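Asks: Here's the letter readout for the chains.
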Amino acid sequence: MNQDILLRNNVKVTGKGEKTILFAPGFGCDLNVWSLTAPYFEDHFQVVLFDYVGSGQSDYQAYRAEKYQDLNGYAQDVLDVCDALELKEAIFVGHSVGGIIGMLAAIQEPDLFEHLILIGPSPCYLNELPNYYGGFEKEDLEGLIQMMDMNYIGWANYLAQVIMKNPERPELSQQLEDNFCSTDPEVAHRFAIATFFSDHREDVKKVRVPSLILQCSDDSIAPIEVGRYMHRHLQNSTLEIMEATGHCPHMSHPEETVQLISHYLTSAYKRPVTNG
Amino acid sequence: MDRQLDSAPFGYFTLDDAGMLMEVNQTLLRLLGYQLHEVQGKHINLLLPNASRSFYQLYFFPMIRLQNKVEEMYFSFKSKDGQEISVLLNALRNERDGKVFNDCACLRMKNRIEYEEVILAAKKDTEKRNLLKAKQIAELESLRIELESKQKKLLAVNESLLEMANTDGLTGLRNRHYLQECLSSYFMPDTEQFLTLSFLLIDIDYFKKVNDTYGHLTGDSILQKLGNLLRDGTRKDDVAARYGGEEFALVLPATGKVEALEIAERIRCQVENADWNTYGVTISIGVATKVPGDTENSLQSRADWALYYSKDHGRNRVTFGTEE
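Protein chains in written order, with our numbering: chain A, 763 to 1038; chain B, 338 to 661.
Keep in mind the hints are simulated off the structure, nothing from the lab. Nothing here was measured: the structure is a model prediction, and the numbers come from that model. Keep in mind that the hints are not guaranteed to be accurate.
Below are the SDA-like pairs computed for lysine to any residue, each with C-alpha atoms no more than 20 Å apart in a straight line [unchecked claim]:
1. A/K781 to A/D766
2. B/K460 to A/V949
3. B/K460 to A/D946
4. B/K406 to A/A827
5. B/K465 to A/K781
6. B/K461 to A/V1020
7. B/K461 to A/Q908
8. B/K472 to A/E848
9. B/K461 to A/E901
10. B/K465 to A/E1005
11. B/K461 to A/Y894
12. B/K460 to A/G905
13. A/K829 to B/K406
14. A/K900 to B/Y515
15. B/K465 to A/E1017
16. B/K460 to A/K967
17. A/K829 to B/K447
18. B/K470 to A/A827
19. B/K460 to A/D911
20. B/K379 to A/E1005
21. B/K461 to A/A954
22. B/K406 to A/L798
23. B/K417 to A/P801
24. B/K447 to A/S1024
25. A/K967 to A/E901
26. B/K436 to A/E1017
27. B/K415 to A/Q908
28. B/K546 to B/N614
29. B/K465 to A/K850
30. B/K461 to A/P801
31. B/K460 to A/E1017
32. A/K781 to A/V1020
33. B/K460 to A/I955
34. B/K461 to A/I767
35. B/K461 to A/D911
36. A/K850 to A/A824
37. B/K465 to A/V1020
One-sided and incomplete, this derived list gives chain B residues near chain A with beta-carbon spacing under 8 Å [what the hints assert, rightly or not]:
38. S391
39. P399
40. A442
The beta-carbon is built from N, C-alpha and C at its ideal position, and this holds for glycine as well.
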């Protein structure tokens, strides 16, 4: 069972240390997004990376449309991975919707994580003016999903089908592996709907685990107002506004990202937390 | 910028990792209606509609940063006058003089985008139809399951009706009707000569007196006890039935004269000595065994004759009905 989960979710464990940091990717990408940041923590922590079912190198056979129609299915992936590795009091780092997924897991099992580190999280993308600014109107999100669909007719869909029909040509699946953002178009489409049309504002209030919110200074996906909203409603949270712009500081500004995470963890654990 | 690149038949621009436009060629500037000084050093968001801004963050940047290339990405720009312009985008991450550049080339899609939109619409339509089909199949399936379960119920009801039609209500034994059918089956032309068969008729002695002395409830109870005793003694293919009133019958397939007489005698003894039998009830039995040329009637007649012989010769005994 444990071994099954580790294969199903393409779990990679590295590093040495009693505490574990679990890194959860955001929408659309796989565990490679952590390649510029996670290695810095390997001297002091056990580092765990994984893919959601339906993304990256996970077992696509395990995908059930019904289970993954909302973020709770993905939160169950996190819980399963933690259970398989018998993690307790770990540190969770999640990018974007990965942060919300970690939050949902932490609500279900409050003892699982000691700290949540949320990079560019948004509990709700749609505006609900004047009470809430999520940054998007419905047309914007539909436009985004349309753009995804247009891209998938181009390559992912084609490749997935070609690979299925050509098991004797492994170079084709190599091509798909190289396209690390490619997933099955149906899976990606449903994940996009689950992500961008979700509203987890009520769940934010239920979290008891202390957290760090890393908010980019100019993020078109999770604008600064959303970061402030998260900070106001998330008990025991610390908000850091980064110099980094964009939505992927762990890729665009890995040094600043590592520095802010390690600063937070150093003061939490009163000991050095990064290499060197 | 190289003059040829500046006016190449494709848009060309360079981004740093923060998304700032470092260089833009004239072809792209003309397409979007901007002057170089308006865009250089600005964030690419300036040139993008909202959907593309998100798409850039979700797909373009992670891919160019980690894979160093983007191929055939469908993307759209927004011109200065607000027109959305679709392009096909390729990008390479290149290092020059120690600095990293995300070099991008884009080709405008005009006719092609229309084809692709038609394809996408057709794909969505197909998906919708498939979904509908799946739903209809699921509905049919649930109807089929419902039908099956109703059929099962009906079969069960039929079975219990049949059971009721073949069973004697008081003793729970088979009734006379069933017994006759069962006997007939042993006299079918093709089975006739091969099967040995014995038939027992059993009658309670002085049953009227029992009823008159102890009441009909006791009489019924004795019928039930005798019924149970007969049922408990039957082997797999034997049939015990209530023949009428206080008369019972046993069909004993594959049983010859000697064995049938033993069985009859055992039953007679069991009744005489049964622990429920505080009334001194006894039974008389007539036994017949099938011979060639027998019919179901002739067999029963001989058993009947034998029973009356038992009755006429002291009761509480077993008689074999010999053929004339």
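Asks: Failing hints, ascending?
Replies: Hints 1, 4, 5, 6, 8, 10, 11, 13, 14, 15, 16, 17, 23, 24, 25, 29, 30, 31, 34, 36, 37 and 40 not satisfied by this model.
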